[in-house]
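Asks: As a plain string of letters, each chain reads:
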Amino acid sequence: AQRVTQPEKLLSVFKGAPVELKCNYSYSGSPELFWYVQYSRQRLQLLLRHISRESIKGFTADLNKGETSFHLKKPFAQEEDSAMYYCALSGLDGGNKLVFGAGTILRVKS
Amino acid sequence: DAGVTQSPTHLIKTRGQQVTLRCSPKSGHDTVSWYQQALGQGPQFIFQYYEEEERQRGNFPDRFSGHQFPNYSSELNVNALLLGDSALYLCASSRMEMSLSGTEAFFGQGTRLTVV
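Protein chains in written order, with our numbering: chain X, 91 to 200; chain G, 37 to 152.
No lab work stands behind these hints, which were simulated from the structure alone. Here a beta-carbon is modelled for each residue, glycine too, at the ideal position from N, C-alpha and C. Incorrect hints may appear among the rest.
Think about it this way: if two alpha-carbon atoms lie no more than 25 Å apart in a straight line, the pair counts; the simulated DMTMM-like pairs of lysine to aspartate or glutamate are [as the list claims (entries may be wrong)]:
1) K99/X with E170/X
2) K147/X with D37/G
3) K155/X with E140/G
Some chain G residues well away from chain X (every beta-carbon gap over 12 Å; in silico) [as the list claims (entries may be wrong)]:
4) K49
5) Q53
6) Q54
7) T56
8) S63
9) E88
10) H103
11) F105
12) N107
13) S109
14) N115
15) A116
16) L118
17) T150
Pairwise CB distance ranges (calculated) [to be verified]:
18) G156/X with N107/G: 44 to 52 Å
19) E87/G with S130/X: 32 to 40 Å
20) N115/G with S102/X: 40 to 48 Å
21) A116/G with G106/X: 49 to 57 Å
22) Y129/X with Q54/G: 30 to 38 Å
23) F96/G with A192/X: 17 to 25 Å
24) H103/G with G156/X: 40 to 48 Å
25) N154/X with Q77/G: 22 to 30 Å
Start from the sequences, fold in the hints, and give me the full structure.
Replies: Below you can see the structure in the form of structure tokens.
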């Protein structure tokens, strides 16, 4: 079964500390992986996707097919990074529906 | 561009009733997907509409149905409501021609449905 696992419900770090939000997936084909973010009182929005290999707001994520992981990283956390982060997978059954993980709350403390 | 808009924002219904939720996609988008987000969970795919037809469907019962209109807007209908249908319902729009190679799905603010 296709599944996205985010093992941490909450990750709390101090401002300036490195951040790594974990995401593991199970999928037999070649998936597309995404990170979506939801800031307080805002709608869900795309943060980055692996095919574009971008760095958005200092965040990067590398697709590791051997470990079936797509961890989100940032070297120095900022308070404005505090939000809910969802890892998502697409490319299932030839369509583009998204399968989301349960999400990780990131809290950046000053 | 107002982006993806959903109505209503909040709704309270009684068990057994029927509900209709509405979504207007972002300008230029032709594909609408619906997701259910239960408390503490990630969004779960319900179905997707393109060219007024249901193209993909998630693991949801037939009580969940939808429609897409010629102007690309969409409705989600849920019949015989159960307490377990209480959730945030999200609409996402995208462009089908981009979808095959991966495209950004834009989400609405959602409709909070409470079934009592």
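Asks: Each of the hints needs a verdict: does it hold here or not?
Replies: A quick look at each hint next to the structure:
no., hint, result
1, K99/X with E170/X, "holds, 19 Å"
2, K147/X with D37/G, "holds, 24 Å"
3, K155/X with E140/G, "holds, 22 Å"
4, K49, "holds, 23 Å"
5, Q53, "holds, 27 Å"
6, Q54, "holds, 25 Å"
7, T56, "holds, 21 Å"
8, S63, "holds, 16 Å"
9, E88, "holds, 17 Å"
10, H103, "holds, 18 Å"
11, F105, "holds, 21 Å"
12, N107, "holds, 21 Å"
13, S109, "holds, 18 Å"
14, N115, "holds, 22 Å"
15, A116, "holds, 25 Å"
16, L118, "holds, 22 Å"
17, T150, "holds, 19 Å"
18, G156/X with N107/G: 44 to 52 Å, "holds, 46 Å"
19, E87/G with S130/X: 32 to 40 Å, "holds, 37 Å"
20, N115/G with S102/X: 40 to 48 Å, "holds, 43 Å"
21, A116/G with G106/X: 49 to 57 Å, "holds, 53 Å"
22, Y129/X with Q54/G: 30 to 38 Å, "holds, 34 Å"
23, F96/G with A192/X: 17 to 25 Å, "holds, 18 Å"
24, H103/G with G156/X: 40 to 48 Å, "holds, 43 Å"
25, N154/X with Q77/G: 22 to 30 Å, "holds, 25 Å"
Hint check: no violations occur; every hint is consistent with the structure.
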